[in-house]
Structures are given as C-alpha cells and as structure tokens.
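Could you fit the two chains together into a complex? Lean on the hints.
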Amino acid sequence: MRCDQAKKLIPVYLDGELGQEEARLVKGHIASCAACQKELHALERSWKMLGEWKNIDPAPGYVSRFWTKVSLERPWYETLGQEMGEALDRLRRRRLAPVYVMVCVLLMTSIFSLRNYWQMREAQELAASLDQEELEMAADVELAENFDIIQEMDFLEDLEVIEDLDSLET
Amino acid sequence: MPFPDNTNPYLSDPDVRLMLDFQGGDKASFEALMRKYYPRLLNFIYRFTGSAELAEDLTQEVFLKVYSASTAYRPKSKFQTWVYTIAKNISLNELRRHKKTPLSLDEPFLSEDGPVQRQLEDTQTPRADEQMLRDETSAAVRAAINSLPENQRVAVILRRYEQFSYEEIGQTMQMSVKAVKSLLSRGKENLKNKLTPAGTFE
Ligand SMILES: [Zn+2]
Numbered sequence: 001m002r003c004d005q006a007k008k009l010i011p012v013y014l015d016g017e018l019g020q021e022e023a024r025l026v027k028g029h030i031a032s033c034a035a036c037q038k039e040l041h042a043l044e045r046s047w048k049m050l051g052e053w054k055n056i057d058p059a060p061g062y063v064s065r066f067w068t069k070v071s072l073e074r075p076w077y078e079t080l081g082q083e084m085g086e087a088l089d090r091l092r093r094r095r096l097a098p099v100y101v102m103v104c105v106l107l108m109t110s111i112f113s114l115r116n117y118w119q120m121r122e123a124q125e126l127a128a129s130l131d132q133e134e135l136e137m138a139a140d141v142e143l144a145e146n147f148d149i150i151q152e153m154d155f156l157e158d159l160e161v162i163e164d165l166d167s168l169e170t
Numbered sequence: 171m172p173f174p175d176n177t178n179p180y181l182s183d184p185d186v187r188l189m190l191d192f193q194g195g196d197k198a199s200f201e202a203l204m205r206k207y208y209p210r211l212l213n214f215i216y217r218f219t220g221s222a223e224l225a226e227d228l229t230q231e232v233f234l235k236v237y238s239a240s241t242a243y244r245p246k247s248k249f250q251t252w253v254y255t256i257a258k259n260i261s262l263n264e265l266r267r268h269k270k271t272p273l274s275l276d277e278p279f280l281s282e283d284g285p286v287q288r289q290l291e292d293t294q295t296p297r298a299d300e301q302m303l304r305d306e307t308s309a310a311v312r313a314a315i316n317s318l319p320e321n322q323r324v325a326v327i328l329r330r331y332e333q334f335s336y337e338e339i340g341q342t343m344q345m346s347v348k349a350v351k352s353l354l355s356r357g358k359e360n361l362k363n364k365l366t367p368a369g370t371f372e
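Going line by line, the protein sequences match chains A and B. Counting in our numbering, the first sequence runs from 1 upward without gaps. Counting in our numbering, the second sequence runs from 171 upward without gaps.
In isolation and in its complexed conformation, chain B is listed as follows (with noise of 0.2 Å):
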C-alpha cells in the first residue's frame, strides 16, 4: 500500500470505517456490514451458483472470513469491491470442488409444457397467464445465465443485478475496464441469442 493510513482514499467509504470500528472491538459495526451486505452477497452467490441452500451456506462463509480477517485488516479497496472479491472466489471455489459432481440446481427448469402450465390449464385467467409467462421467462433467464462461462456470468449479474460500474466490475475481478467490456459484451451477445432466438423476435 503506497499510501500512508492518514492520506489512504479508501478512508472516506463509510463501509471501511465500519470495518475499521469492528477491529476496534465494536459488535454493532460488523452487525451493520452485515445487514447491509449479507442479503446482497446472498442474491450474488444464488445466481452464480444456481442454488439457494448453497447460497445461503457460501455468505455465511464470506462474512466468517470478513470476521477472521478483521484483525489484520488494512483497506486497499472499497468494502463492495473486497467483500464481493471474496464472495466470488469462495463461490468459484465451490463450483469447482463440485465439478465432477455437478450442483444440483433449485428447481428443474421448465419447459414448454411444463408443471407450471399444466397446473394453471382449468383456472386459466389472464392474470394466471401472465404469471405463468413470467415463471417461465424467469427459468428461460437462469437457464440462460447458468450456460455463460465463470467470467461473463459475475460480469452479468454485477452489472444487471447489482448495479456495479464497469469499473466496480474491474476492480471486483482484477481485470481492466477494458477487459470488462469485452466480458460483457460477449456476455450480453449470449444471452440475446439464448432469450430472443433469430424468429420469436420479429
């Protein structure tokens, strides 16, 4: 760290002083990080992952490293970017670990007469119908995102669900904006051909 702590610009992120109060021995301050961060990092981790037991499991390791880090914590980045840092890696860890034993994911996604529609046939109403359109778009898009490569799905989600700048997005997965757009840009790509095939879109 090339700046002394008086000059450190990470300083002024109210997250870090909070962190800064915990390793000063204040309870509360990590409680707040976590009501503030332990919802988001869970969304995160779902996503990524495809499941939400996992998930929950996974941010409860994130904040359990927040907390045995804390001692030896020095800010050399803004809160987001290293608890985010240290959610992706924990949950790459995992997909990995279960690579040749492949996650199972929450639910089945559906397809074109799935459970959903069958259920929904004999009390069919309008409302019932646009429900059931838009259960079955939800499953077309976690379909979609679980098929993106590692790298263009925490590109994805940081952008489209947790509103990261290009640049949040660079310093979460070490790469330069330059190489963020080029990750998003593919990504984007394939999800468009996987959501709105050539034809149902006219």
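Just chain A, with the same shape it has in the complex (with noise of 0.2 Å):
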C-alpha cells in the first residue's frame, strides 16, 4: 500500500469502519511508515480535542414551552375537541361506562320526582288559597271557574308526568 492510499483510509480506520482486507493492508503500512504513523496521531489527538467543546443543556421548562406553542399554534375549539375525545377515551379504556349511564338515569329520575313533587305541592297551594279566594269574592263566579280550569289543567299535567316517568322506569 502506498503512502497516499493509506493517508485516505487512516480515518476511517481509526474507526473501525474498513473492511478486513483493508483494515489489514493500512495496520502494516503504518507499521512500517513513519510518515502515516504520524498522520494517525494527528488525527487521533485532533479528534480527541473535539470533546473540549462541551454540551449545552437545554433552557429549563422545554416541554411545557413545547406545549404552550402547539395551543398557540392551533384553533381553540381543536384543541377543546381533542381534550374532550381525550377524556372519553380515558372513560371507555376505564371500561367505566355502565356507572356513567346509571349516574345520569339517577340524576335523570330524581330530577322528574322532584319536579313533580313541586308541580303538587303549587298545586296544593293553589286549590288551597282558592278555597279562600271562594269565601272573599264568591260573586265572581266567572273568575272561582277560570280558577278551576286552571287547577284541572296542572292535576292534568302531573299525572301525565308521572305516566312519563312509569313508562321511563319500565
């Protein structure tokens, strides 16, 4: 091998990268050249220096910066859309499913009664001070009637709620 030949394969050599053949041919020239010999630890001392050039660390708080980018970068209302199919993929991986749906036939359910409950108790109220608006303007006959239609009219209601509520709960 000559001289010129090694000098091209001596910095791959130095890091491993050459073939058998070649690797061989470069070893024993080196052996016998002052020159080459003296070329591989110039480039092994060079190479070496390289290490005085220290890393840098990245400026602290990198990933929530990341973040606080990409919400910048993006329309709210995907981002929204993202968390919100986010969060249900947590439910459903949760397999938490059936307690959500009796959750919300609960609150469906207690919602109704109570409503029902206050639509009897106005109701209550309502026939209760009609009694007494009976007594003080017993002429108005017109009006203690109007009364009584309207008094129907919300029994009517009620029990059409409570119908609604047999036929949920079956």
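What the simulated footprint calls covered on chain B by chain A, stretch by stretch (three residues with Cβ under 8 Å from a Cβ of chain A suffice, anywhere in the stretch; the number is not a length):
hint : segment
1    : 194 to 204
2    : 207 to 218
3    : 225 to 236
Read the hints as simulated data drawn from the structure, not as lab findings. Note that the Cβ used here is the ideal one computed from N, Cα and C, for glycine as well.
In structure tokens form, the structure reads like this:
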C-alpha cells in the first residue's frame, strides 16, 4: 500500500469501519511508515480535542414551553375537541361507561321526581288559596270557574308526568 | 413501504412504538420522546449552527414538526434517523435563510491573547492555567468545525458527539456508507490541519 492510499483510509481505520482486508493493509503500512504513524497520531489527537467543546443544557421548562406553542398554533376548538376526545377515550379505557349511564339515569329520575313533587305542592297551594278566595270573591263566579280550569289543567299535567316517569322506569 | 405493518422491521424500535402510542392519543409518550431527544437534538443543532439561542428555537420547531406529522406517521426508519433528518433539514434551511445576513455566533472565538488570558493574568494558578487552555481549545474546535463544508460538518458532529455508526449517518443524510466514509475522511483531515498544524505537533 502506498502512502497516499493509506492516508485516505486512516481516518476510517481509526473508527474501525474499514473492511478486514483494507484494515490489515493499513495496519501493515503504518507499522513500517513513520510519516503515516505521525498522520495517525495527529488525527487521533485532533479528534480527541473535539471533546473540549462541551454540551449545553436546554433552557428549563422546554416541555411546557412546547405545549404552549402547540396551543397557540392551533385554533381553540381543535384543542377543545381533542381534549374531549381524550377524556372520552380515558372513560372508555377504564370501562366506566355502565357506571356513567347509571348515574345519568338516577340523575334524570330524581330531577323528574323533584319536578313532580313541586308541581303537586304548587297545585295544593293553589287549591288552598282558591278556597280562601272563594270566600272573599263568591260573587265573581267566572273567576272561580277560571281557577277551576287552571287547577284541573295542572293536575292533568302532573298525571302525564307521572305516566311518563312510569314508562321510563319500566 | 414494501412491508405490511405486521412485518415492519422498525416496529421493534421502542421509540417508534412511543410515536405510535402518541398517534393513538397518549400524550405522555410524546413527552417521553421529547425528554429523550430534546437535549441531544439541541446540541446537534447548536454545534451545526454555532448559536445556542437559535438552537433552542429550532429544536422546538423540530418537535412541532414531529407533532404535526404524527397523525399521518408511518414508521419508515428508526425514530432517531427520522428525527435527526428533520433537525438537519430545519437547520440547513435556517442557515440558507441567513446566507446573506450571516448568523452571529455565540461568543467570539478567542485569539492567543484573548480576553480569557488577560483576565487570568494576575491570579494564575496551575488550575486556572489549565482552564484557560481548555477554553482556548474549545474555541479553536468551534472555529474548526464551523469552517467545514455543511455535509462534512453534519457527518463529523453525528459521529463525534452523537456516536452514530457510519450506517446511521448514511440513513440520516440519505447517502451510502461509502459516501459517509469519504465525507468523514475529508472532514477529519480538515480538522486535523486546523487543530494540529504542522510544526505545533512533534
Ligand atoms: Zn506511509
């Protein structure tokens, strides 16, 4: 092997990336050539020197800084949509869906019952007040009749609600 | 991609798996990739561009790119290869953009009687002496790497500071191992000539 051939291969030889045959030839040449030995040492030395250029550390908080950038670059509804999707995914993954359905049913049932209860109370109060007014305004028959109609309508509504609730529960 | 998904060889790369988990909606996987690669990419870009401030911005940009590519992501290489290719391209674009108005590098390269030496003159101890020499070496190294042509610079940095194999360098730079050998051979020779000029090394 000639010096110019060896010189080209020495940098790769130092990385151990030459094929077996080439590596053998380079090794043989260096053993008997002072100039190429010098070249090899200079290459080794300069390569080692590169280690003096030390690493820098990232500015702290680079992960949160990144998420801020992401949220700034995307419209809010996309972010919201993704977050809701993620929340649903988490729900699905935990297999809590039946629990959530149960909670919903219970919630709706109690809202209906409460509404029903208040409407009954209102109707009772109305009936009670009507009794008093009947005494006071016995002459005004028409008004009393109107109150009767209102009273009846309220009770009808209540009955309907109760029926709805029954059909829901079965 | 000639491989159907179940025989894709890159699926054995744990970082590719993390990327696919993120694609499936797992934000923590993305953050795991960030913690692993952000500091490395930051230093790669820092050494390639010469500016720490710019490197911080560009590294964020690399991850924005990874993030927005995630929905259509299909593993066609190791994750490392992919993300370094993105970093290399983003840095190259930035350097081209600044070609007319060159980047100001972080610190001026120190000359023989630079500020460090003057500062240390009256408190010279063997330790300070050693530190001064290290600072000068570091500055000389920066100047030497900065003087390399872009391709040689990328190959040298990936090899010396990122411990890439020749094959990994080839994949990241989209070239053959043979081309990498020639690139590194020339790069190392150039660095040797800058850092150990004839005469200073016996
Ligand atoms: Zn020789």
